[in-house]
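Asker: Spelled out, the chains give:
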Amino acid sequence: MKEYLLLFRGGNERLNFSPNDMQEHMQRWAQWMSELGKQGKFAGAQPLVKTGRVVRGAKKIVSDGPFMEGKEMLGGYLVCKVDNYDEALDIAKDCPILEFEDGAVEVREIGEMRM
Amino acid sequence: MPPHPYQVTKLTEHLFRTEAKKMIAVLTKIFGTENLQTAEDVVQDTLLSALDVWKLKGIPDNPSGWLFRVAKNKAIDIIRRNKHSLQYDFTDNEKILLTSEYTLTSAMDNFWQEKIINDDLLRMMFACCHPEISEENQITLILKTLCGFSTVEIARAFLTSEETVSKRLYRTKEFFRQHKIKLEFPAADDIKTRTDAVLNAVYLLFNEGYNSTNAEELIRKDVIEEAMILCKLLTENSHTQIPEVFALMALMCFHSSRNESRLTAEGEIILLPMQNRSKWNTALIEKGNAYMNKAAFGDVLSAYHLEAAIAFEHCSATNFEMTNWKIILQYYEWLMQIAPSPVTALNKVIVLMQVNGAQAALLELQEIKDLKKLGRYYLYYSLLGEIHLRLNNKEAAKENFDIAINLTQSQVEKKMLKNKIVELLN
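If you're matching them up, the sequences are chains A and B in order.
For what it's worth, the numbering used here labels the leading residue of the first sequence as 891, then goes sequentially.
For what it's worth, the numbering used here labels the leading residue of the second sequence as 389, then goes sequentially.
It is possible that part of the hints are untrue.
[To be verified] No farther apart than 30 Å at their CA atoms in a straight line, the calculated lysine-lysine pairs in the DSSO-like style are these:
no.: 1; chain 1: B; residue 1: Lys568; chain 2: A; residue 2: Lys971
no.: 2; chain 1: A; residue 1: Lys892; chain 2: B; residue 2: Lys483
no.: 3; chain 1: B; residue 1: Lys483; chain 2: A; residue 2: Lys983
no.: 4; chain 1: B; residue 1: Lys761; chain 2: B; residue 2: Lys806
no.: 5; chain 1: B; residue 1: Lys682; chain 2: B; residue 2: Lys620
no.: 6; chain 1: B; residue 1: Lys471; chain 2: A; residue 2: Lys940
no.: 7; chain 1: A; residue 1: Lys928; chain 2: B; residue 2: Lys462
no.: 8; chain 1: A; residue 1: Lys928; chain 2: B; residue 2: Lys503
Hints are computed from structural coordinates only; laboratory data are not their basis.
The shape of chain A in the complex, shown without the other chains:
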């Protein structure tokens, strides 16, 4: 069993959704994750708010951020517990962010630090 981090990017279009459309859309997120929960593959997820700050370099300069193109915008994350990348990718393919042309899911395995 391995852990994979799924990062949801893009899909900014939904910021213009009506409250009803937004609710319907978010229900699909909840359904997607509930299904993972039932299968015992869900290990956590949180949405992120749109704006943030970035601390950069040795001088620790703080700026508004993260200055990314719409499609790069990080909207949230999920951690799932599956055996391999293929399974993680299958999960990612059902992510509602992909309802948007510019939506993307970045899939990364969570590593172990061996020292």
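Guided by the hints, dock chain B onto chain A, whose structure is given.
Answerer: Below, chain B alone, put in the same frame as chain A:
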């Protein structure tokens, strides 16, 4: 126009009984039995909110829906506030969804679906009746947590002190904290004994409603109704459909069919011989018969079967004189064999008095084992008074009626006993 505060209190009191137990069950499922206190606090808060808001804005169209929504929101608040606390274990597949903002609301909604709440309530009753919790502690917890009884009322029902009741509650919660008992239906080979414990609690609850220790009212219909609702849940669930469940349901139907005839308009007791039998609720008696038929499968003859049979004899007698006391006495003798108790022995003496007269009853009464347990039980002295009255020992009769008056907290009982004294002095 805002409703009269009293009205709100009356309605809320009813909802306390009917909805609070459901909320407790759902919240206990969410937070775990080890956090029963959290569930109780949320329910308490919810009911207080209801009182506050309804006083100002009136009672909402769907009060239960209102309560559930508020309880749900309070539960969500607690989860958000305790995100990183280890107090709540949300690691199971369903609960883990409560830890994510994406799924918190929808996962919470899932816990509150109407169709699963009744099952949760039954599971909660089974948790309260866990075999490693003593029977007394089980019943105390059900009465307090699920049925909203005060410790005073429970103490009266068990012929014990308030302090003992508080200790029992504490011990049971401590057991839950240590063992984190899951809310689930018992395994098939346990279901019989586990259901018996639940039935015992329902039975005591019914008795409390049927012959209330509450100072003002003798019959508390809301409590009777609660007992019948809980038992009905058991009759409807395939896990718990054993003969005893139907027998107890029959027993409660027969007894409560007489409610309207047991008190005068002024709330004074009308004794069985004087009751207007046309006021007996025939629909409930028929219901009782139907349950009795359902109880008659397998080879089980439980105390509930016998008590239901006794109640049926009373219900089917056209008048007091026509009562088949002999068969009732027979039922009591069987009852003493399978479930002997001082209170049953006492009731048997009452029947014996009808069949063999007061002198025989007096002898039998002195034979009761564990007479000490009845030492604070008013019915013992009230019966002793009655026996002496029939034997024309007026002084002894008055003496015992006086003790009974001091022992019962029910104003209605007091009044009835005082009337007897007045009569015997004339």
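Asker: Against each hint, give a clear statement of whether it holds in the structure.
Answerer: Do the hints match the structure? See the list:
Of the pairs offered as hints, the one joining B:Lys568 and A:Lys971 holds, with about 26 Å between alpha carbons and a cut-off of 30 Å not exceeded. About 21 Å separates the Cα atoms of A:Lys892 and B:Lys483, which keeps this hinted pair within 30 Å; it holds. A hinted pair counts as satisfied when its Cα atoms are at most 30 Å apart, and B:Lys483 with A:Lys983 qualifies at roughly 24 Å. Our distance criterion of 30 Å between C-alpha atoms is met by B:Lys761 and B:Lys806, whose separation comes to about 25 Å.
Among the hinted pairs, B:Lys682 with B:Lys620 is consistent with the structure: their alpha-carbon atoms are about 13 Å apart, no more than 30 Å. Between the alpha carbons of B:Lys471 and A:Lys940 the distance comes to roughly 22 Å, so the proposed pair stays at or under 30 Å and holds. Using a Cα cut-off of 30 Å, the hinted pair A:Lys928 and B:Lys462 holds, with the two alpha carbons roughly 25 Å apart. Between A:Lys928 and B:Lys503 the alpha-carbon distance is near 19 Å, which keeps this suggested pair within the 30 Å criterion.
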